[in-house]
Each structure stands twice: as C-alpha cells, then as structure tokens.
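*Asks:* Residues per chain, in single letters:
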Amino acid sequence: MRRTGIILLTALIISLFFCFAAGADTGALRFPPPDFESGYEMPATETPPSASDIYEYLAVIVLAAVLGLGTYFVFTKRKRKYIWGLMIFSLAFFGFWRRGCICPVGATQNITLTIFDQGYAVPVVVIILFLLPLVLSLFWGRIFCGTACPLGAIQDIVLLKPLSVPYWLEVPLRLLGYVYLGMAVLLAVTGAGFIICRYDPFVSFFRFSGSLGALMLGGAFLVVGIFIGRPYCRFLCPYGILLRHLSRISKWKVKISSDECIQCRLCEDSCPFGAIRQPTGEASGEELARRKKMLAVSIVLLPIIVFAGGLGGARISSLLARAHPDVRLADRIYREESGEVAGTTDQSEAFRSTGDQSIESLYELSAEIQATYHQGSRLLGAFLGLVVAASLIRHTVRRRSREYKADPSDCLACGRCFELCPNERLRRQRIKEEEDLRVG
Amino acid sequence: MLENNSTKKRTFQSWQAAIFITCLTGLFSLFLIGFLSVRYFHYSHTLPGQERRIEEIKSELGAAPGNEALLQEVRELDILTRSIRFQWYGVASRAGYLLLFNLAVMLTAAQWAKKRRERLPAPSSNKKYDEEYDSAAAMSRRTVAGAGIILGGLMAAATFFLNPAVDDYVIEVAEDEPVAKKEFPGPPDREEIGLNWPRFRGPGGLGVSQFENIPREWDVETGDNILWKSPVPLDGQGSPIVWDDKVFLTGGTETEKQVYCYDALDGELLWTGDVPELNVSVSDIELNIDTGFAPATPCTDGRQVYAIFPTGDVAAFDFNGDRQWVVNLGVPDNVYGHASSLVGYGNTVIIQYDNGQADDDQSWLIALDCETGDTVWRTARDVMNSWTTPIIIETQYGDQLITSSEPYLIAYNPQNGEELWRADILSGEIAPSPIYAEGLILAISPYVAMIAVEPSGPGEGDDNREVKWEIDRGIPDITSPLSDGERVYMLGTYGGALSVHYLEDGRPAWQDYIGGDFYASPSLVGDSIYLFCAEGAGYILAAGDEYELLGQYPLGEQVQASPAFAEGRMYVRGEEHLFCIGYSE
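These protein sequence lines are chains S and L, in that order.
Here our numbering is used: position 425 in the first sequence is 425, and no number is missing along the way.
Here our numbering is used: position 239 in the second sequence is 239, and no number is missing along the way.
Calculated directly from the structure, the hints in this document are not laboratory data.
Be aware that a few hints might be false.
What the hints assert, rightly or not - Take a look, some chain S residues computed to stay more than 12 Å from chain L by CB distance:
no.: 1; residue: I61
no.: 2; residue: Y82
no.: 3; residue: Y120
no.: 4; residue: L131
no.: 5; residue: V135
no.: 6; residue: H245
no.: 7; residue: Q263
no.: 8; residue: H395
no.: 9; residue: R430
Stated by the list, open to error - Listed next, the in silico SDA-like pairs over lysine to any residue satisfying Cα-Cα at most 20 Å (straight line):
no.: 10; chain 1: S; residue 1: K79; chain 2: L; residue 2: A136
no.: 11; chain 1: L; residue 1: K128; chain 2: S; residue 2: R428
no.: 12; chain 1: S; residue 1: K161; chain 2: L; residue 2: R117
no.: 13; chain 1: L; residue 1: K128; chain 2: S; residue 2: R277
no.: 14; chain 1: L; residue 1: K127; chain 2: S; residue 2: K161
no.: 15; chain 1: L; residue 1: K115; chain 2: S; residue 2: S270
no.: 16; chain 1: L; residue 1: K127; chain 2: S; residue 2: R399
no.: 17; chain 1: L; residue 1: K127; chain 2: S; residue 2: L266
no.: 18; chain 1: L; residue 1: K127; chain 2: S; residue 2: C264
no.: 19; chain 1: L; residue 1: K128; chain 2: S; residue 2: Q263
no.: 20; chain 1: L; residue 1: K115; chain 2: S; residue 2: R428
no.: 21; chain 1: L; residue 1: K128; chain 2: S; residue 2: R265
no.: 22; chain 1: L; residue 1: K128; chain 2: S; residue 2: E287
no.: 23; chain 1: S; residue 1: K161; chain 2: L; residue 2: W112
no.: 24; chain 1: S; residue 1: K292; chain 2: L; residue 2: A136
no.: 25; chain 1: L; residue 1: K128; chain 2: S; residue 2: R400
As the list claims (entries may be wrong) - What the simulated footprint calls covered on chain L by chain S, stretch by stretch (three residues with Cβ under 8 Å from a Cβ of chain S suffice, anywhere in the stretch; the number is not a length):
no.: 26; region: 111-123
no.: 27; region: 148-156
A quick note: this is a predicted structure, and the numbers were derived from the prediction, not measured.
Backbone N, C-alpha and C define an ideal beta-carbon position, used for all residues, glycine too.
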C-alpha cells in the first residue's frame with residue numbers, strides 16, 4: 001500500500017510538470033490583437049503599477065516572525081510537528097502567496113551586484129531579507145532552512161521514502177553548491193544575469209507558470225526528493241553554503257538529545273539530510289600517524305590546488321563569458337560578419353536594425369566584459385580549488401566525539417531526530433508531569 | 001512512531017484512512033492532469049490550424065480586399081479562435097488551483113500515513129565507530145579528490161569541445177577581396193544647396209525664397225492652389241525643409257521622437273524614422289509646453305537628414321528612412337527647452353547647444369561628422385541658454401558662422417570652430433535668429449534692440465565693437481527678421497506689428513498692425529512678403545516703402561512654423577497637416 005502511494009506520487013509529479021508545461025507553453029504564446037477595420041484605436045498598453053512596498057515590509061516582518069517562532073520551536077519546544085506546521089505556513093506564504101520572490105536565496109545576487117556595481121541600488125528590504133537568516137545562523141544555526149525557506153519546504157513535503165546518501169558521496173556532491181554559488185556571483189558581478197532566480201527549480205510551481213525546462217527541472221528535483229531529502233538544499237543551494245559556514249560557528253547548536261547522549265543509536269538514521277555524526281571512537285596510533293602525514297601533504301597541496309584552479313578558471317573564461325548576452329551577441333555578429341555562419345538570429349537582427357550601437361563598439365564592449373570574466377573566472381577557479389583543498393584537509397583532521405551529534409553545518413533544524421531520542425521523550429514526560437502537577 | 005497495544009487498533013485505522021485519502025486524491029489529481037492534457041492537446045491541435053487559416057485569409061484579402069465571404073469567414077474564425085483560447089485559459093486556471101488543493105491534501109495524508117506507520121529502528125549491536133569513521137573519512141578524501149579531478153577535467157574538456165567567445169575580433173579579409181564599403185558621397189555644393197530649402201529659413205537662414213513662382217492666393221475650401229494636404233503624425237513646432245522631391249519634418253511626444261519624409265509631389269508619407277531614447281528622457285529636462293517636443297527644424301545635405309530634439313538627441317537618417325546614427329549631446333539645461341535648429345556645413349552638422357548661464361560652462365558649439373555622428377570639433381561658449389539658429393555667411397575673410405546669445409554675437413570659423421570675433425551687444429532671452437543682408441549682420445535683443453554689425457576678420461574687434469546702427473522700436477521676441485536688400489522687416493509676436501526700417505542706416509520706413517499672433521518668421525518671395533499667423537492665416541504683403549496687403553488667405557489650422565519653398569511650391573506646417581501650396585499645372 002505504501003509502495004503504491006509512492007508510485008502514485010511519483011507518477012503525479014511527473015504528470016504534473018508536463019501538465020504545467022502545457023499551461024506554461026500557452027502562457028508563452030503571444031496573443032495577437034484583433035485586426036479592426038472600423039478605425040478603432042487600440043488602447044495603449046498599460047503597465048500595472050508595482051506592488052505596494054507594504055507587501056515587501058510585510059514579507060520581512062513575517063520572515064522575522066517565522067524565524068523567531070522557528071528558533072523557539074527548535075530550541076525550546078523541540079517538537080517536529082510545530083516545526084512542520086511553520087514550514088507549511090512558509091511554503092504557503094513565501095512560496096505560493098509571495099510566488100517565491102524575493103527570497104534570501106536569490107537576494108545573494110542582488111547583494112553581490114550592488115557591491116560591485118555602484119549604479120545598482122538594492123532595496124533595504126532585500127538587504128534585510130538577505131541578512132536576517134545569516135545573522136540568525138550565527139546564533140542558532142540553519143533555522144531558516146528548516147522553517148522559513150519555501151524551496152526547502154516543497155522538497156520536505158514530498159520526502160516519503162528517505163534513502164541515506166553515503167557520506168563519501170555526500171561530500172563531493174556538496175561541491176556542486178560551491179560551483180553554483182561561484183557562478184552566480186560571477187554572473188551577477190558581470191551583469192550577465194541572476195542564474196539562481198533563472199534556474200530556480202520550484203518557482204514555476206509557485207507561480208503556476210514556467211518554461212518546460214524549468215518545470216522539468218523542478219519536477220526532477222521533486223521526484224528525486226521523494227527518496228533523497230532536500231536534494232537542492234543539500235547539493236546546490238548557494239545560500240545554504242553561506243548558512244552552512246556561519247552555522248558552524250553558531251553560538252547555540254541544535255542538539256539531538258536534551259541530555260547526555262546514551263548512544264542508543266535510535267537517531268542514527270533519523271536524519272534524511274545526513275547531518276547526524278556518529279561518535280568517532282578512538283583512533284589507533286597508526287591511523288593518527290597516517291593522518292598527520294596526509295595533513296602535511298594536503299597543506300602543501302593547498303596552494304598548488306588553488307593555483308591550478310585559478311589557471312583552469314582563466315582557461316575557461318572565454319567560455320564563461322558567453323553567459324553574458326552582449327558577449328554572445330558580439331560573438332554572433334562576428335561570426336556573421338566573417339561569414340562563419342549564415343543567416344541571422346533574432347538578437348543579431350534586432351542589433352542591426354536598431355543601429356543604436358556600431359559593431360566596433362559592440363566588440364569593444366564584449367572585449368571589456370571578457371576581460372572582467374578573465375579575472376572573475378580566475379578567482380572562481382581559485383575559489384573552487386580552495387574549497388576542494390579545504391575539504392581534503394577537513395577530512396584529514398580527525399575530530400573526536402563520544403556521542404551522536406547533529407553537524408551544525410548540515411543540520412536543517414527539521415526536528416526529526418528529536419522524536420526518536422529517549423532523553424527527549426523523558427524530558428517531554430517530565431514537562432507533562434510538571435504541568436499536570438501544576439494543574440492538579 | 002512508538003505505539004503500544006492499547007492504541008494499535010486506532011492507529012491502524014488512521015493510517016489506513018490516510019492511505020485511502022492519498023489514493024483518492026491522487027487518482028483525482030491524475031484525472032485532473034489527464035483532463036488538462038486532453039484539453040491541451042485538443043487546443044494545441046485545433047488553434048494552430050485555425051490561426052494558419054486566418055493568416056491565409058488575410059493574405060487572400062490582400063489580393064481581394066472587398067471579398068465579403070472571406071471577410072465573414074475571417075471574422076467568424078477570429079471570434080472562434082479567441083473564444084477557444086480564453087476558454088482554455090479559464091479551464092487551465094481553475095483546474096490548476098483544484099489540482100494544487102488535491103495535491104496538498106494528498107501529501108498531507110501521505111505524510112500522516114507515513115508518520116503513523118513508522119516504527120522504532122532496531123540498530124545492530126556490534127558497531128565499530130572508529131573503523132566506520134576512519135573509513136568514511138578516507139573514502140570522502142578520495143571522492144573529494146576525484147571530484148576535484150573531474151572538475152578540472154571538465155574545465156579542460158570544455159575548452160576543447162565547446163566554442164569559447166571570440167575575443168580578438170579580427171575579421172580576416174583576403175587582400176584581393178576588399179570589403180565593399182558603401183561610399184559616403186561628398187557634401188553638396190552651393191549651387192545644389194541654393195536649389196533646395198535645406199535648413200530653417202532656407203539657404204543662409206535668411207527666409208528669402210529663391211523661387212518667385214509661388215502662389216499669392218489659395219483657398220483651402222475649394223482646394224485652389226492647394227496641391228495636397230497630409231496629416232502629420234506627431235506635433236512639433238519645427239519647420240519643414242525640402243530637398244529635391246522630399247519634404248522633411250519632425251514630431252514628438254513625451255515618449256516618441258520622429259522624423260517624417262513626405263513625397264513632395266503627392267504628400268505621401270514615405271517613411272517615419274524613430275529616434276530612440278538614449279540616456280536622457282523628457283522627464284530629465286526642463287521643457288515649456290509651448291516649446292513642444294520637436295521645436296527645432298531639421299537640416300539636410302541631400303545625402304541624409306539630421307534632426308535634433310529637446311533631449312539633446314541628434315539623429316541622422318538616409319533618404320530611405322534608415323537611421324544611420326544617433327547621439328546624445330548631454331542633458332540640456334534650457335529654461336524653455338532646446339529649440340535651436342541644425343545647420344549643415346560641408347561634412348558636418350553644426351549645433352548651437354547653449355545651456356545654463358553664461359558662466360556655467362555648459363554652452364557649446366558642436367560639429368558632428370555627417371557620416372558617423374562623431375564629434376569633429378567642439379567649442380565652449382560663455383553665453384547663456386538661447387533658442388537662435390546660427391547662420392553661415394560668406395565674407396571677404398572667408399565663411400563665418402554667426403551665433404547670437406546673451407551677451408555676445410560671436411563669429412566662428414565653421415571649419416574648425418575657432419572663434420573669430422565677438423561683440424558684446426546682446427541681452428535677454430534670445431529667440432530671433434540673426435540674418436545677413438548687404439554686408440550687415442542683423443541681430444536682435446528681444447524687445448530691446450536690433451543691432452547691425454559688420455563682420456570682420458579673425459582677431460579683429462573686441463567685446464566693445466562699434467555697431468553700424470541700432471534701433472529700439474518694434475523689436476520682436478520670437479520671429480526672426482527679414483530683409484529685401486533695402487529694408488529690414490520685424491514682426492512682433494502679439495498683434496502682428498510689422499516694423500520696417502531702412503537697411504542702410506536703420507531709419508524707420510513704416511509700421512503697421514496686421515492683427516493676430518505670429519510665431520512663424522516672415523519670408524520674402526520676389527517682391528512679396530509672406531506671413532503666417534498663429535490663428536491659421538497667410539498674409540501676402542508687398543515689399544516696399546508702404547504697407548500694402550495683397551491678400552489674406554485662411555489655412556484652417558494654426559501655424560507656428562515658418563514655410564519652406566521649392567520650385568512653384570510652398571510647404572506650410574499647420575497644427576495637424578502639412579500643406580503644399582502651388583500651382584496645379
């Protein structure tokens with residue numbers, strides 16, 4: 001029966017995005033105006049006024065309230081059902097009502113662009129939305145992920161048959177998030193676009209509209225999400241990367257057990273996001289010696305890997321520069337001019353017909369952008385090299401732990417592990433008894 | 001979830017009910033999806049055919065415009081297509097929300113069932129933490145290293161298999177196959193210019209028609225001597241200009257700037273050239289409503305037509321209407337809005353771009369390359385904002401470009417913008433442009449004075465240059481003066497006060513009131529003076545020592561622009577139409 005439900009859900013999700021795709025397809029069609037013969041003058045197209053700022057401030061207030069409540073539920077009440085309820089509210093409010101925008105995840109790009117482009121002003125609301133979860137994570141970890149993020153929530157509700165991803169696979173998969181973050185920053189800085197928003201896999205569902213590609217991407221994430229807990233959050237989310245690192249140094253950390261861990265191992269597989277770390281046991285002398293040697297090698301390798309990454313990044317700068325529309329246009333015009341390609345594209349046709357800019361100035365602009373990409377790609381490559389090298393070092397250093405712990409960098413504060421901990425159950429029982437006594 | 005025997009029966013029933021609801025809502029959702037898919041496929045197969053048919057009918061109607069059967073068919077198909085589309089949108093929207101609700105119920109039920117069926121895990125007893133931890137760490141190191149290598153490999157592979165952007169932009173052209181570059185023709189000579197009306201007030205900017213066979217009477221009611229009358233799409237105060245068989249005009253609104261080309265023979269609007277907004281919009285500038293959005297007159301050199309707008313945008317179009325270039329001169333600071341018209345000289349278009357106060361360093365005389373729009377030279381001017389159009393005069397010292405703005409009348413070398421001489425003789429908000437007659441430059445300080453100055457050579461004269469003569473009666477504030485070689489005529493804006501003085505010494509000849517308001521400058525055709533009042537009437541007067549009205553002919557709409565003349569024709573811009581007045585034969 002349970003298997004039937006999962007199959008049914010999978011079939012539904014697959015059908016769903018094809019269904020939305022149909023809708024999105026029709027939405028994309030231009031609807032031609034009627035051809036009047038009576039001299040009727042078509043009314044001028046009107047642009048609706050932008051939504052009132054009050055909704056933006058409302059979003060900030062609601063986010064602050066959700067984060068506050070979430071912190072209370074995770075650290076004081078320690079009950080999954082409250083956290084789940086808050087998560088569903090966030091999905092409804094930030095996802096379907098606010099249509100997934102603007103969110104702290106995408107705001108990463110706005111903030112980046114405003115840092116590098118003096119001409120780009122970012123509203124205060126966006127800055128607050130971006131900073132609020134980050135600041136909170138310095139104190140209480142990734143409360144935002146577990147309670148307020150609609151992208152995480154939509155994945156969480158489809159998680160029915162969680163499968164464990166081996167740690168050795170989880171670690172390299174997380175590197176994808178760094179690549180995505182690096183690319184998002186590079187493209188935002190160069191003005192090529194906001195890829196986090198453009199490739200947001202779930203925004204099409206929130207808006208009931210989107211391209212076929214976007215819907216298929218979102219559908220794929222949801223299908224995978226039935227078995228793998230929050231794949232987007234764990235392996236791709238750029239904002240999650242920031243939260244992960246800040247949570248590592250958070251003042252208060254989510255604890256599985258409200259008391260001392262008794263190593264009952266009931267929580268061992270309770271986390272669908274692979275955040276629970278087992279006790280490490282005692283290392284043998286031979287193992288410690290091997291690790292020391294590897295640590296030394298890793299430290300030596302670090303600058304080499306960073307340098308190699310920088311070189312590699314510089315090599316693909318021309319390739320990455322194609323992400324910029326002006327570079328693509330210049331490229332196309334060049335190939336058309338040199339006879340390398342025949343015919344024109346809509347963009348090259350438009351460029352030629354408007355005549356706002358000469359071909360030479362377009363080439364100059366493209367060359368300038370590519371120079372920026374050359375520097376940016378080099379930094380991106382070096383950054384990725386640093387991430388790889390740091391990960392190698394991190395897994396060389398042997399940490400010591402005698403109990404089951406939620407890794408603060410990976411813990412999404414969902415509260416699932418609380419429910420299986422005997423200490424937690426005793427705590428709840430004690431609270432209940434005290435309340436009964438007070439009532440009595 | 002921890003369960004005990006006492007609640008076993010209840011929980012069994014609840015998860016079973018949850019599974020049932022999951023299946024029920026799931027099936028209903030599948031039904032909705034199926035329904036939507038069927039409708040979609042129906043829609044996507046039906047509509048394209050109908051839309052194709054509509055396009056076919058429209059093509060057929062092009063060949064047979066009056067075919068009533070086709071018209072009926074296209075109307076019915078159009079309505080049908082639209083109704084199907086809107087029906088589909090409505091269905092898709094309603095079903096979408098229903099689907100969302102179902103999915104929400106289904107997922108909630110599924111999660112509930114899952115929670116109710118959870119059992120406590122039963123971990124094995126023999127656990128070797130140290131081995132597991134060390135082996136996981138070792139494996140992780142290997143996979144991270146592997147991922148790094150794969151990442152590097154992908155970077156390397158990408159450079160080999162994907163096309164990088166071109167970054168050198170060198171177009172290699174075989175030496176024996178030179179790129180055929182469209183040759184830009186040379187500028188017209190004086191004779192060619194003299195046969196046309198290429199700028200504000202014609203050749204030299206004097207308002208003197210070189211053609212004498214212009215009708216002295218017309219009737220818009222009967223159409224006598226009205227060869228054609230064509231609507232002008234957008235408003236503008238700029239005057240028409242003529243080159244061969246083409247008449248050019250500009251028009252604009254707050255959001256649009258356009259250049260129009262009419263067929264001089266039949267008044268057909270041949271093309272409309274749109275000037276895009278660059279970095280200055282109308283909201284960025286001061287603009288008096290009376291100035292309008294297209295107050296300046298364009299100019300042409302027979303190769304291209306050039307137009308300027310109050311936003312400081314200057315554009316060039318070839319005679320086919322293809323825009324060749326557009327540049328912005330910077331945000332103008334002009335209390336009524338920039339209105340100085342363009343002047344062509346050789347391969348340059350010269351712009352008197354006066355802004356702000358005299359000491360604001362914002363006023364410029366700018367020459368743009370006709371072919372590219374690039375700045376050829378640019379000379380700073382210590383004058384305040386003005387609305388006059390410069391004139392280029394031939395003197396014994398060579399060509400001189402004369403500008404008038406408070407406080408200076410300044411002469412420049414039109415070839416390089418070098419200042420030749422200046423006279424500190426002007427004051428006020430100057431709109432009347434200077435003229436040149438019988439060796440005298442006549443410049444106006446509105447309401448205050450008309451001053452006659454002789455041009456001099458480079459470096460001669462100074463700020464206190466002695467004027468030839470000066471008069472202070474009947475001085476206009478908007479219209480430019482006119483001379484017939486013996487007299488100078490000045491037309492006041494309000495009441496139509498026409499003041500005439502002798503050119504030789506400035507003594508008064510006569511003055512009379514025509515009535516009406518005048519914004520259009522007077523023109524001379526042979527021995528007649530043509531005036532157009534704002535109320536929409538043309539007055540023909542005899543040029544001479546006394547007032548003699550030869551005729552008064554209504555045009556039917558307001559006129560604020562000065563007329564343009566061609567062989568046997570006169571072009572007048574009304575509020576809504578461009579009129580061609582000429583002899584029918």
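*Asks:* Please go over all the hints and tell whether each is borne out by the structure.
*Replies:* Evaluation of the provided hints:
1. At roughly 25 Å from the closest C-beta of chain L, the C-beta of I61/S stays outside 12 Å, upholding its exclusion from the interface.
2. Taking the minimum C-beta to C-beta distance to chain L, about 14 Å, the non-interface status of Y82/S holds against the 12 Å cut.
3. For Y120/S, the condition that its CB be more than 12 Å from all CB atoms of chain L holds, with the nearest at approximately 16 Å.
4. In this structure L131/S is separated from chain L by more than 12 Å, as the shortest Cβ-Cβ distance comes to about 31 Å.
5. For V135/S, the shortest C-beta to C-beta distance to chain L comes to about 30 Å, beyond the 12 Å cut-off, and the non-interface label holds.
6. Distance to chain L confirms H245/S as a non-interface residue, since its nearest Cβ pair spans about 17 Å, more than 12 Å.
7. Residue placement check: Q263/S does not keep its beta carbon more than 12 Å from all beta carbons of chain L (closest about 9 Å).
8. With a least beta-carbon separation of about 5 Å from chain L, H395/S fails to lie farther than 12 Å from that chain, contradicting its non-interface assignment.
9. Distance check for R430/S against chain L: the nearest CB is about 17 Å away, which clears 12 Å, and the non-interface claim stands.
10. Among the hinted pairs, K79/S with A136/L is inconsistent with the structure: their alpha-carbon atoms are about 31 Å apart, more than 20 Å.
11. As the CA atoms of K128/L and R428/S are separated by approximately 31 Å, the hinted pair breaks the 20 Å bound.
12. Between the alpha carbons of K161/S and R117/L the distance comes to roughly 12 Å, so the proposed pair stays at or under 20 Å and holds.
13. With a C-alpha separation of about 14 Å, the suggested pair K128/L and R277/S falls inside the 20 Å cut-off, and the hint holds.
14. For the hint linking K127/L to K161/S, the alpha-carbon distance of about 25 Å lies beyond 20 Å, and the restraint is violated.
15. Straight-line distance between C-alpha atoms of K115/L and S270/S comes to about 13 Å, which keeps the hinted pair within the 20 Å bound.
16. Between K127/L and R399/S, the direct Cα distance comes to roughly 18 Å. Compliance with the 20 Å bound is thereby established for this hinted pair.
17. Distance restraint check for K127/L and L266/S: the Cα-Cα separation of roughly 13 Å lies within the 20 Å cut-off, and the hinted pair is therefore satisfied.
18. Distance hint between K127/L and C264/S is fulfilled; the C-alpha atoms sit about 11 Å from each other, no more than 20 Å.
19. Annotation: proposed proximity of K128/L to Q263/S holds, straight-line Cα distance about 13 Å (limit 20 Å).
20. With a CA separation close to 19 Å, the supplied pair K115/L and R428/S stays within the 20 Å bound.
21. Proposed proximity of K128/L and R265/S is supported: the alpha carbons are some 13 Å apart, at most 20 Å.
22. Between K128/L and E287/S, the direct Cα distance comes to roughly 15 Å. Compliance with the 20 Å bound is thereby established for this hinted pair.
23. For the suggested pair K161/S and W112/L, the alpha carbons sit about 13 Å apart, so the restraint of at most 20 Å is met.
24. Only pairs whose Cα atoms come within 20 Å are accepted, and K292/S paired with A136/L is accepted, the gap being roughly 17 Å.
25. Among the hinted pairs, K128/L with R400/S is consistent with the structure: their alpha-carbon atoms are about 15 Å apart, no more than 20 Å.
26. With a cut-off of 8 Å between beta carbons, the region 111-123 of chain L has 7 residues touching chain S; three or more are needed, and the interface restraint holds.
27. With 5 residues having a beta carbon nearer than 8 Å to a beta carbon of chain S, the region 148-156 of chain L meets the requirement of three or more and the stated coverage holds.
The earlier numbered hints that this structure contradicts are 7, 8, 10, 11 and 14.
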